[in-house]
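Model the full structure from these sequences, guided by the hints.
The chain contents come next:
There are 2 protein chains.
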Amino acid sequence: MEPTAAIVVIGNEVLSGKVEEDNGRHLVRELRELGVRVVRLWVIPDEVEVIASVVREASALADHVYTSGGVGPTHDDKTMEGVARAFGLGLARNEEFASLLRAFYGERLEDAHLRMADLPEGVELLRGPGMRIPQVKVRNVYVFPGDPAILRRKFAAVRDRFRSAPFHLLRVFTSADEGPIAALLEDAERRHPGVLVGSYPVYDDRGYRVQVTVESKDRLAVEAAHAYIREGLPPGTILAREG
Amino acid sequence: MEPTAAIVVIGNEVLSGKVEEDNGRHLVRELRELGVRVVRLWVIPDEVEVIASVVREASALADHVYTSGGVGPTHDDKTMEGVARAFGLGLARNEEFASLLRAFYGERLEDAHLRMADLPEGVELLRGPGMRIPQVKVRNVYVFPGDPAILRRKFAAVRDRFRSAPFHLLRVFTSADEGPIAALLEDAERRHPGVLVGSYPVYDDRGYRVQVTVESKDRLAVEAAHAYIREGLPPGTILAREG
Chain A
898 MEPTAAIVVI
908 GNEVLSGKVE
918 EDNGRHLVRE
928 LRELGVRVVR
938 LWVIPDEVEV
948 IASVVREASA
958 LADHVYTSGG
968 VGPTHDDKTM
978 EGVARAFGLG
988 LARNEEFASL
998 LRAFYGERLE
1008 DAHLRMADLP
1018 EGVELLRGPG
1028 MRIPQVKVRN
1038 VYVFPGDPAI
1048 LRRKFAAVRD
1058 RFRSAPFHLL
1068 RVFTSADEGP
1078 IAALLEDAER
1088 RHPGVLVGSY
1098 PVYDDRGYRV
1108 QVTVESKDRL
1118 AVEAAHAYIR
1128 EGLPPGTILA
1138 REG
Chain B
898 MEPTAAIVVI
908 GNEVLSGKVE
918 EDNGRHLVRE
928 LRELGVRVVR
938 LWVIPDEVEV
948 IASVVREASA
958 LADHVYTSGG
968 VGPTHDDKTM
978 EGVARAFGLG
988 LARNEEFASL
998 LRAFYGERLE
1008 DAHLRMADLP
1018 EGVELLRGPG
1028 MRIPQVKVRN
1038 VYVFPGDPAI
1048 LRRKFAAVRD
1058 RFRSAPFHLL
1068 RVFTSADEGP
1078 IAALLEDAER
1088 RHPGVLVGSY
1098 PVYDDRGYRV
1108 QVTVESKDRL
1118 AVEAAHAYIR
1128 EGLPPGTILA
1138 REG
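Just so you know, the sequences run in chain order A and B. 898 is the number of the first residue of the first sequence in my numbering; add one for each residue after it. 898 is the number of the first residue of the second sequence in my numbering; add one for each residue after it.
Don't read these hints as lab results, they were simulated from the structure. Just so you know, not all the hints are guaranteed correct.
Result set (BS3-like, lysine-lysine): computed pairs, CA atoms no more than 30 Å apart in a straight line [to be verified]: (1) Lys915(B) x Lys1114(A); (2) Lys1034(B) x Lys1034(A); (3) Lys1034(B) x Lys915(B); (4) Lys1114(B) x Lys1034(B); (5) Lys1114(B) x Lys1114(A); (6) Lys1034(A) x Lys915(A); (7) Lys1114(B) x Lys915(A); (8) Lys1034(A) x Lys1114(A); (9) Lys915(B) x Lys1034(A).
Since the structure is predicted, the reported quantities are computational estimates derived from the model, not experimental observations.
Here's what the structure looks like:
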């Protein structure tokens, strides 16, 4: 079975529009490229109970969970407490993490920084190239910071552990409306189990009316469903195609 | 109390990275400007049971729910069925909506188009400027299409019904690290109930280390908390400020 992922973006600043959501979109693109199917994405506020309940749901739903945000030293950084509570775990000072923070901050270190070393019991610290502070993992939950540049760097350091067989996607661009081809597309999906057929109409002047997508991890099944659709479309309505 | 909102973006194409999420971000910005607090955003697949369960949760959580996507005539358009099931309602052909579709499509009309007139029982049809097809509302759920241009136009036509008292936001940009100011910020929030204090460090060369945000619908409370923070920051560390 293909691995699945859920993404939990934590941050009042995103829900209030002060910061544009970017981390979730980055993870979606990366996971797609890695062959991982994203089954849910949440954006939630910096509230311990909400974080706990959503992380618990995400962890049960998907193979891998990625959180972003809420891991700094200030009062609005509540992710670790929320993740711990999701699994009924306590928070405890992690001495390995604390000593890395001491080395990182040097004489600028404050007690508040060390709060970042209070981690859920049973945490794993993942190391990788370019990470001075390790990646925190609790059960199947990977906890990333909200800063987009740091999240990207940290995800790049661990991404290969998630790689799976690639998705195959073939498209057809047609001048037909959705109405007359709806039955054909439904039929194509029904006849090719495991293949996902998508239909995306456009209403501007891109030169086609509907983009049809056919995808699955099974390349032969994608090709068969794609051929079935091409043959079933009204004559002369295929403007462009892949495959 | 300030009104709250939840946003449910429905679409495999977003979760698979084929289309960049844009509707949720647009609604977040609009709702902020209208004085509505967004408390949750989901991106979910085109699956009836998932739509039903998330819409039910969203409807209980927030005053207003906005969905986008999954309302066309093809097999992957499952939003109406999901919304109906969220509330234990049946789907029934809505004759008013059907006759609008007949007028809209004219001779291009197909049976599949009329499927879009199968709406949850008790639906409300909202009309407004620039809307040839009315906005569908079921209980506190506003169902929008996934096409970004149409979503924007339809939201613009109904947005004024959601307007509430505005949010007030004042910021301070400081050269101090988060560590030494963490206690001050926590204190400011505790002393000014209802005021939300946010702390957003940056790690690049924008010239400041932390952006502190102070916000609430109570302008005087925002000003008081903002003054409290300005006075408590280490001398000489305020690089820029509002208010």
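>> Run the distance test for Lys1114(B) versus Lys1034(B): straight-line Cα separation, threshold 30 Å.
In response: Given pair Lys1114(B), Lys1034(B) holds - Cα atoms ~28 Å apart, limit 30 Å.
> Is Lys915(B) within 30 Å of Lys1034(A), Cα to Cα?
Replying inline: Roughly 28 Å between the alpha carbons, so the hint for Lys915(B) and Lys1034(A) holds.
>> Just to be careful, I want the Cα atoms of Lys1034(A) and Lys915(A) compared with a cutoff of 30 Å; is the pair within it?
In response: Holds, at about 28 Å.
>> Hint check: Lys1034(B) vs Lys915(B), CA-CA at most 30 Å. Holds or violated?
In response: 28 Å, holds
>> So if I understand the rule, the pair passes when the alpha-carbon distance is 30 Å or less; does Lys1034(A) with Lys1114(A) pass?
In response: 28 Å, holds
> Do the alpha carbons of Lys915(B) and Lys1114(A) lie within 30 Å of each other, as the hint requires?
Replying inline: 16 Å, holds
> Are the Cα positions of Lys1034(B) and Lys1034(A) separated by 30 Å at most?
Replying inline: At roughly 42 Å apart (the allowed maximum being 30 Å), Lys1034(A) and Lys1034(B) break the hint.
> Does the alpha-carbon distance linking Lys1114(B) and Lys915(A) stay inside the 30 Å limit?
Replying inline: 16 Å, holds
> Keeping to a limit of 30 Å between CA atoms, is the pair of Lys1114(B) and Lys1114(A) held or broken?
Replying inline: 50 Å, violated
In the structure shown, a violation is registered for the earlier hints numbered 2, 5, in ascending order.
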